[in-house]
Amino acid sequence: MFRFVNLALGGVSNGMIFAAVALSLVMIWRSTRIVNFAQGGMLMFTTFIGWDLVQVHNVNYWAALAVATLSGLILGGVSERVLVRPVENGPPLNPVIVTLGLLIALQALAGMIWGNSQSHSYPPAYDFRGYTVGSRHLFFAPNDLFIVIAVAVVVVLLYLLFQRTALGLRMRAAAFSPEVARLLGVKVGQLLTLGWAVSAAVGAIAGVLAAGTSTGYVQPTGPFDALLVYGFTAAVIGGLDSPAGAVVGGLGLGLVLSWADSYISNNIEPMYALVILVAVLMVRPNGLFARATARRV
Amino acid sequence: MLQIEDVVTTYGAVRALDGVSLDVDRATITAVLGANGAGKTTLLRTVNGLIRPRSGRIVYDGHDLVRTPVERVVRLGVAHVPEGRGVITELTVEENLRLGALWRRDRKQMATSMGEVYDLFRPLAERRDRSVDTLSGGERQMLAVGRALMSRPQLLLLDEPSLGLAPRITAQIMATLRTLRDEQSLTVVLVEQNARSALSVADQAIVLNLGRVVASGPAAELAADEKLRHAYLGF
Chain A
1 MFRFVNLALG GVSNGMIFAA VALSLVMIWR STRIVNFAQG GMLMFTTFIG
51 WDLVQVHNVN YWAALAVATL SGLILGGVSE RVLVRPVENG PPLNPVIVTL
101 GLLIALQALA GMIWGNSQSH SYPPAYDFRG YTVGSRHLFF APNDLFIVIA
151 VAVVVVLLYL LFQRTALGLR MRAAAFSPEV ARLLGVKVGQ LLTLGWAVSA
201 AVGAIAGVLA AGTSTGYVQP TGPFDALLVY GFTAAVIGGL DSPAGAVVGG
251 LGLGLVLSWA DSYISNNIEP MYALVILVAV LMVRPNGLFA RATARRV
Chain B
298 MLQIEDVVTT YGAVRALDGV SLDVDRATIT AVLGANGAGK TTLLRTVNGL
348 IRPRSGRIVY DGHDLVRTPV ERVVRLGVAH VPEGRGVITE LTVEENLRLG
398 ALWRRDRKQM ATSMGEVYDL FRPLAERRDR SVDTLSGGER QMLAVGRALM
448 SRPQLLLLDE PSLGLAPRIT AQIMATLRTL RDEQSLTVVL VEQNARSALS
498 VADQAIVLNL GRVVASGPAA ELAADEKLRH AYLGF
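These protein sequence lines map, in sequence, to chains A and B.
First residue of the first sequence: 1, per our numbering; consecutive thereafter.
First residue of the second sequence: 298, per our numbering; consecutive thereafter.
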C-alpha cells in the first residue's frame, strides 16, 4: 500500500506537466480546431533558449524561465500570424501539415544551433532528492512540489483570464462563434493570435519544468516528442475541448504511467498511454469531459 | 439614415443581389420580404460587411459601409441579429449580453443597458447565470435581440426573428420593435418570410425575388395589393 501511494506521488509532477502541455493543445483546438503538432517543437525550442541562458551564460533559473516563457509567447503569436492564418480557411488538412512542417523546421533549427546528438541536462528549480517520512523515502521532492504549484498557478491564472475578464470573454466568444463575435465588435483575428501566444507560453513553461526533472534532458528530438505525445493523449482523454478535462487527463495519465512503469515495466511506457487512450475512448468516445450536446458545425 | 444603391453581390456565378436599392429613414421599420433564396439574408450580410458587394454603394449616417470592417460597423451604431439567432450557446445568458456592449469599455453604461434588457425580457433575468443551452427558442430570440440592444444601436438589422417561434412570441417581439421605434427612435430593417406579421409592424417594405426588388412602398399599400401577396408573399 505504501508503495502504491508513493508511486502515485511520483506520478503527480509528471502528470501536472502533461496537463500543462494538454492545456496548450486544448486552447488552440478550441479556438481554431487545429491540433498544434508544432507544440512539441515550440516548447523544445523555448526550453533550449532557457537552457542556453542557464548553462552557457550562467543566468539564474527564474530569469531563464521568464525568457523562455516570453519566447513562447512570441513564437506562438508569430506562428499563428505568419504560418497558420494564411491556410486557416482552406481544407482542414492544410493547417495540420503546416504545424507538422513547423515542428520539423524547429527541430532542424535547434539541431543547427545546439547540436543534434548531444543531450543536455537542465538544472531543476529545487532539490530533486525526495522527502523522507521516518525512515521511508518518498518519490516526491521539493522540485516536484514546485512543479505542482507552478502548473496549478498557471491553471488558475488561465481560469481567471478566461472566466473573469472581459478579454477572456472575448476570447471565448471568438473561439466558439467567430462570425457572431465579429458582429459584436470583437476583433477575432487579434484574439486568435493572442490565443496561440498564450498557449505557446504555457507550453514553454511545461518544457522548462519537464527538462528540469530527475529524468529530463534537452535535445532537439526525443524527450519533447514524448511530452507532446503524452500531452496529446491527456488532451484527448479529457475531450480535447475541455480545459478541465486536460488537467484531469494529464494527472490521470501521470499516475497510471507511474504505477505501470513500476509494477509492469518502464520499457514500454508509450504503450500504456495508448492502452489508456483506447480504453477511455471505448467507454466515452468523445473523451471524459465532452459536452453533453453535440456541437453545431 | 441608410442608403443602399444598386448593390450587386455574387456567390461565384450566382448573383444573389442583382442591383438592389433601398432608402431607410430614421425611426422607421422596414420589412424586407420574399421567398427563400430571394437574397434577404444576403442583403443584411452585405450591409454590415460580412459579405463585400461586387458593386454598388451602402452609406450609413455618412459612413461608407462597403469599406468598413465588420468589427467596426457595430461601433457606428449598427447591430445585427443574425439568422438562426446567433446566440453563443457555450456561454451564459449574462455573458452573451455583456458581449453586446463590451466594445464600449464602459461598465456603468453596461449595467444600465443590462437592466433595461432584463426589464424588457423578464425571462432572461431569471436565467441570467444559466447556459444558453438550456433556453427555449423564444428565450434565445429574446436574448439575441436583447444582446443587440446592449450596444444601444441606432440601426437594428434583424434576420428572421419569427423563425420557429410560436405566433404569440413573434407578436411579442414585433410589439417590442414598435415600442423601441416610438420611444427610442430605433431604426429597424426586418428580414422576414412571415410577411403578414412583418407588414403589421413595418412602415415600409420591399419585396425581393431572385436578387431583385420586385415591389416597394408603404407597408399598408403592399399588404393591400392582392396580386403581390399571392405572387410573392404567400398570404
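Just so you know, the hints here were simulated from the structure itself, not pulled from any lab data.
Please read these numbers as outputs of a predicted model, since none were measured by experiment.
All C-beta atoms, glycine included, are put in the ideal place defined by N, C-alpha and C.
Where hints are given, some of them may not hold.
[Claimed, not checked] Between beta-carbon pairs, the in silico distance windows are:
1. B:M298 to A:E88: 49 to 57 Å
2. A:E179 to B:T307: 51 to 59 Å
3. A:Q118 to B:R425: 52 to 60 Å
4. A:R284 to B:E423: 27 to 35 Å
[To be verified] Derived lysine to any residue pairs resembling SDA-like cross-links, with alpha carbons at most 25 Å apart:
5. A:K187 to B:V356
6. A:K187 to B:Q469
7. A:K187 to B:R349
8. A:K187 to B:K524
9. B:K405 to A:S117
10. B:K405 to B:E480
11. B:K405 to A:L167
12. A:K187 to B:D303
13. A:K187 to B:P366
14. A:K187 to B:M411
15. B:K405 to B:L462
16. B:K524 to A:D52
17. A:K187 to B:S482
18. A:K187 to B:T365
19. A:K187 to B:E391
20. A:K187 to B:R401
21. A:K187 to B:R404
22. B:K524 to A:R164
23. A:K187 to B:E480
24. A:K187 to B:E387
25. B:K405 to A:R30
26. A:K187 to B:W400
27. A:K187 to B:S428
28. A:K187 to B:G374
29. A:K187 to A:R30
30. B:K524 to B:G316
31. A:K187 to B:G316
32. A:K187 to B:M407
33. A:K187 to B:E368
34. A:K187 to B:L373
35. A:K187 to B:L462
36. A:K187 to B:D403
37. A:K187 to B:V363
38. B:K524 to A:Q163
39. A:K187 to B:G359
40. B:K405 to B:E391
Evaluation of the provided hints:
1. B:M298 to A:E88: 49 to 57 Å: Once the Cβ atoms are compared, 36 Å apart, the range 49 to 57 Å for E88 of chain A and M298 of chain B is violated.
2. A:E179 to B:T307: 51 to 59 Å: violated (20 Å)
3. A:Q118 to B:R425: 52 to 60 Å: holds (59 Å)
4. A:R284 to B:E423: 27 to 35 Å: holds (33 Å)
5. A:K187 to B:V356: Holds: K187 of chain A and V356 of chain B sit about 23 Å apart, inside 25 Å.
6. A:K187 to B:Q469: Measuring from Cα to Cα gives roughly 33 Å; hence the hint is violated.
7. A:K187 to B:R349: holds (18 Å)
8. A:K187 to B:K524: violated (47 Å)
9. B:K405 to A:S117: violated (60 Å)
10. B:K405 to B:E480: Distance of about 22 Å is within 25 Å: holds.
11. B:K405 to A:L167: Measuring from Cα to Cα gives roughly 18 Å; hence the hint holds.
12. A:K187 to B:D303: This hinted pair is violated, its Cα atoms lying about 30 Å apart.
13. A:K187 to B:P366: The given pair, whose Cα atoms are some 10 Å apart, holds under the 25 Å limit.
14. A:K187 to B:M411: Given pair K187 of chain A, M411 of chain B holds - Cα atoms ~22 Å apart, limit 25 Å.
15. B:K405 to B:L462: violated (34 Å)
16. B:K524 to A:D52: With Cα atoms ~81 Å apart, K524 of chain B and D52 of chain A exceed 25 Å; violated.
17. A:K187 to B:S482: violated (29 Å)
18. A:K187 to B:T365: Distance of about 13 Å is within 25 Å: holds.
19. A:K187 to B:E391: holds (20 Å)
20. A:K187 to B:R401: holds (13 Å)
21. A:K187 to B:R404: holds (19 Å)
22. B:K524 to A:R164: Measuring from Cα to Cα gives roughly 57 Å; hence the hint is violated.
23. A:K187 to B:E480: violated (32 Å)
24. A:K187 to B:E387: holds (19 Å)
25. B:K405 to A:R30: Not satisfied, since the Cα-Cα distance of roughly 32 Å exceeds 25 Å.
26. A:K187 to B:W400: holds (10 Å)
27. A:K187 to B:S428: holds (24 Å)
28. A:K187 to B:G374: Distance of about 17 Å is within 25 Å: holds.
29. A:K187 to A:R30: The hint holds at about 17 Å.
30. B:K524 to B:G316: holds (23 Å)
31. A:K187 to B:G316: violated (31 Å)
32. A:K187 to B:M407: Given pair K187 of chain A, M407 of chain B holds - Cα atoms ~19 Å apart, limit 25 Å.
33. A:K187 to B:E368: holds (6 Å)
34. A:K187 to B:L373: Holds: K187 of chain A and L373 of chain B sit about 15 Å apart, inside 25 Å.
35. A:K187 to B:L462: Distance of about 32 Å is beyond 25 Å: violated.
36. A:K187 to B:D403: OK: K187 of chain A and D403 of chain B at ~18 Å, within 25 Å.
37. A:K187 to B:V363: holds (18 Å)
38. B:K524 to A:Q163: violated (55 Å)
39. A:K187 to B:G359: Cα-Cα ~23 Å, so holds.
40. B:K405 to B:E391: holds (15 Å)
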